[in-house]
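**Student:** Using the sequences and the hints, build the whole thing.
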Amino acid sequence: MRNASKLATLGAAMTVLAVGAAPLLTSAADHLDAPALGHTVANGAIDLVSTHGNRDINDLYVFPAPHDPGRTAIALTTNPAIDLFGGDFGTNVRYAINIDTNGDNVQDIAYVARFSREDEDGDGDAASNLDFKITRYAGRGAVSYTGGVTVAHGDTNARSKTVGSNNLWAWTGVRSDPFFFDLLGFIGTTTLLKTGTAVGTDRLGVNPSDFFAERNTNAIVLSVPNSQLPNKIGVWATTSYHNESGWHKADQIGRPAINTVFNPTADKNDFNRTAPSRQTTAFGGKFVTNVEHGLQFFSSLDTEGSYTDAQAAFLASVLIPDVLVYDRTSTLPAPLNGRALADDVIDVELRVTSGGDPLNLFGADGATGLGPNRDANGGVNGDGVGPHTDYLATFPYLGVPH
Amino acid sequence: MATSPTLRPRRLPIRPRPLGILAAAVVVVAASAVVSHFGLGFHFPTAPGNAAWLASGAPVSGDGAASATVGIPGAGALSPSGSLAIIDHNIGLWTTTLKKNPNDFLSATNLAILYHARARLTADLADHQRALEAARTAMKIAPTQTTAAGLEAAILYSLHDFHAAFKAADALVRADPAELGALATRADASIELGNLASARSDLKTLAAAAPGPAVDIRLARLAAVTGDLQGAVSLARKARDAAAVEGSDPGFYEYALAEYERNAGDATTAEAGYRAALAVRSTDLGALLGLARIQAFGGRIGDAITSLETATAIAPTPEAEGLLGDLLAMRAGPADAAASATAYGTVRLTRTLSAVAGSVYDRTLVKFDLDHGPTSSVLVDQARGGLADRSDAGAHDLLAWALHASGRDDEGWTESQAAMAAGAADARTLYHAGVIAAGRGDLATARKLLDRAIALGPALDPLERSNASDVLAAVSGSAMP
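These protein sequence lines map, in sequence, to chains A and B. For the first sequence, position 45 (counting from the first letter as 1) is numbered 45 according to our numbering, and the numbering increases by one without interruption. For the second sequence, position 2 (counting from the first letter as 1) is numbered 2 according to our numbering, and the numbering increases by one without interruption.
Some hints could be false.
Unchecked claim - With a straight-line Cα cutoff of 30 Å, these simulated DSS-like cross-link-like pairs (lysine-lysine) come out: (1) LYS238/B with LYS204/B; (2) LYS194/A with LYS99/B; (3) LYS232/A with LYS249/A; (4) LYS286/A with LYS232/A; (5) LYS249/A with LYS238/B; (6) LYS249/A with LYS204/B; (7) LYS286/A with LYS194/A; (8) LYS140/B with LYS100/B; (9) LYS99/B with LYS140/B; (10) LYS167/B with LYS204/B; (11) LYS249/A with LYS286/A; (12) LYS167/B with LYS140/B; (13) LYS204/B with LYS194/A; (14) LYS194/A with LYS140/B.
Worth flagging that the hints you see were computed from the coordinates, not collected in a lab. For clarity, every value in this text was computed on a predicted model and none was experimentally measured.
**Tutor:** Quick look at the structure:
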């Protein structure tokens with residue numbers, strides 16, 4: 001997911017992407033510098049995973065397909081640093097879109113994308129343009145990734161979409177990153193809050209700027225006929241990578257920024273490796289505790305004071321497990337009900353995290369009845385930046401690359 | 001040395017662009033405080049293929065069919081990963097972001113990363129200067145963030161300001177031992193400054209904390225400078241293989257392995273490596289130069305000249321220009337004498353065009369003058385000054401060669417011994433020491449050293465190899481004690 005260290009990979013702020021140089025010939029030129037010894041340092045912890053951007057997830061979107069009634073669009077964006085180091089999809093990485101169809105937070109369907117230079121489609125261009133293959137797993141096979149059937153394959157960055165025989169639409173490649181966020185303001189505010197030391201001069205609410213306005217991302221975009229899905233689904237994405245010792249879990253996301261905001265650095269990888277069905281109880285329930293503590297910390301910015309224990313516990317029960325629930329019959333806003341490209345999920349999350357109650361959940365007249373009452377505004381109600389203007393009405397919906 | 005079977009006049013070199021690059025360095029140095037110079041760019045290589053593609057256990061039904069009925073706007077519009085074009089494109093993107101928000105230290109940092117990496121492809125010193133400016137811009141906006149400071153250290157290293165690089169990296173590591181990138185730069189700088197024990201210690205820490213190709217390739221460098229040429233090859237091969245799995249900068253690792261293989265005398269394997277690097281990036285300067293050396297070693301002078309012309313058209317590095325001049329002189333075609341003089345002239349211009357270039361290429365330029373004359377005591381002074389600044393084996397060897405050129409072989413031998421005592425066992429050091437030993441009348445030592453140097457084949461450039469062979473023949477023909 002687009003967590004702090006990965007944002008930092010892209011932003012290089014908290015990332016020490018050290019380009020240590022080591023000429024082979026001392027008398028000669030700089031070309032010979034050794035490549036990056038990449039890692040992140042955050043709160044003293046070393047995270048080597050961030051050097052592998054091709055297995056890092058940026059965001060997950062699930063929304064009704066515009067102009068394509070009867071279809072659900074799912075977009076998974078990956079690799080936070082393609083505008084820095086370039087980068088394709090990983091050929092040793094499994095990109096999975098997991099779908100729970102019965103509310104138990106265990107996937108019943110999984111679409112898994114793999115990439116290769118083996119020229120699967122025989123068009124001879126795999127050396128310069130990766131081939132992709134999407135396999136659909138169902139039932140118990142959706143958990144173990146066994147017994148699947150290839151439902152689409154083609155070239156990345158193809159000039160046309162792939163249409164599978166089950167009428168799945170698929171496209172993979174580089175697109176304009178749909179995400180919008182005042183990253184500089186966020187870093188400025190949170191670092192000051194957490195450490196008491198300012199970083200730069202930006203703050204949330206001060207000269208907002210969308211750091212992502214000119215960013216690109218790798219994207220896997222699917223369009224699934226609604227007839228193949230129930231009205232209500234839970235979706236999360238995972239990546240795993242293969243090495244000589246087998247497959248390893250790498251990254252995971254449901255709703256935006258849950259891991260980013262609430263888990264401390266030391267817990268982020270544990271969270272990424274914990275299936276949603278276990279997130280409430282795993283590690284002694286620390287992920288729930290982290291959310292509760294985070295909510296109470298950030299809601300202290302609200303003039304109404306922090307969430308009570310009961311209020312924080314209720315919100316934590318909504319946010320954990322981290323699954324992006326999408327109900328075609330619901331009118332709830334994102335990210336409580338899917339996430340479209342233009343949905344300002346950051347504003348919603350900032351507002352709620354910092355004590356706002358826009359859905360009137362709390363107080364005597366609230367949906368939960370948990371007091372005291374809170375108004376809709378939190379301590380921070382938004383980052384001041386809005387959606388991009390380059391989204392497409394038609395598949396694959398994400399804009400033309402910058 | 002055999003010559004190419006098809007001799008043809010060298011194309012008249014078009015010099016404005018290469019000289020323009022050198023001149024640009026001067027301009028940028030002069031304008032070092034200007035931060036608004038974010039106009040060019042660069043990019044990294046792609047992940048290699050992976051045979052595990054079909055290892056998922058899934059049957060392939062192949063029922064996905066491409067439809068040409070719906071176009072995807074903008075699909076495939078970007079240049080491929082690893083190309084200079086995409087790096088330039090990305091520099092443009094970050095420049096736009098920075099212009100919108102001048103307080104954006106992240107974009108400034110990223111520009112530093114991009115320009116620094118661009119310089120690795122172009123050998124354009126102006127790119128290093130731009131990288132340095134961008135890093136310092138980021139440091140000014142956000143002094144508490146260490147990323148830009150780490151970059152500053154690495155860039156200073158690339159500019160061969162090893163003392164400053166060491167100082168900057170050392171400060172970062174002392175403040176936070178987890179700053180592994182700074183630790184890597186400190187190790188790199190230590191090697192170049194001749195502090196091998198310090199470098200070894202830092203690399204040991206790195207290998208434990210962050211094992212991988214970026215550390216192994218540094219260990220290969222340490223092995224090479226301490227005389228373990230085969231160990232260097234093994235480490236570089238390990239790094240290359242791991243990088244291939246990770247998909248990180250395969251061009252660089254192919255090139256690095258080839259370089260160590262060439263220095264260990266393995267022409268065939270090295271040539272394959274250089275070609276692999278060029279398959280990733282056809283403009284890879286180091287690989288072009290290495291390939292030219294292999295071609296020249298194999299008597300393919302025309303091919304070598306072509307490779308060097310390609311390299312010098314990208315950037316007129318003195319090493320490539322010097323070798324080009326040598327090969328043109330050897331080929332002796334109708335226009336080769338003039339072209340050779342042009343190449344030599346470009347080398348000599350390097351120092352006068354740019355103080356930065358003179359600093360980065362200081363040893364190359366002194367060695368060029370020693371090999372191509374005229375010699376003077378000034379060269380001894382320059383070599384001695386270099387040793388005072390950096391007391392590594394290379395500095396001792398260069399001073400030894402300068403002293404030899406001045407007829408001071410006894411003093412030169414002392415320096416050669418110092419170089420070899422530091423562990424140097426590369427072909428050039430052995431060749432220089434062998435010639436100096438011969439000059440002192442120590443024929444047995446001379447023959448032994450020259451035999452070892454020549455046995456390393458393509459590690460010596462043609463003129464060096466020719467001279468080494470001549471001296472060895474003379475020594476071998478003399479009465480041995």
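**Student:** Look at each hint and say if it fits the structure.
**Tutor:** The hints, checked one at a time:
no., hint, in the structure
1, LYS238/B with LYS204/B, "holds (16 Å)"
2, LYS194/A with LYS99/B, "holds (29 Å)"
3, LYS232/A with LYS249/A, "holds (27 Å)"
4, LYS286/A with LYS232/A, "holds (28 Å)"
5, LYS249/A with LYS238/B, "holds (25 Å)"
6, LYS249/A with LYS204/B, "holds (28 Å)"
7, LYS286/A with LYS194/A, "holds (20 Å)"
8, LYS140/B with LYS100/B, "holds (18 Å)"
9, LYS99/B with LYS140/B, "holds (16 Å)"
10, LYS167/B with LYS204/B, "holds (20 Å)"
11, LYS249/A with LYS286/A, "holds (19 Å)"
12, LYS167/B with LYS140/B, "holds (19 Å)"
13, LYS204/B with LYS194/A, "violated (34 Å)"
14, LYS194/A with LYS140/B, "holds (22 Å)"
In the structure shown, a violation is registered for the earlier hint numbered 13 alone.
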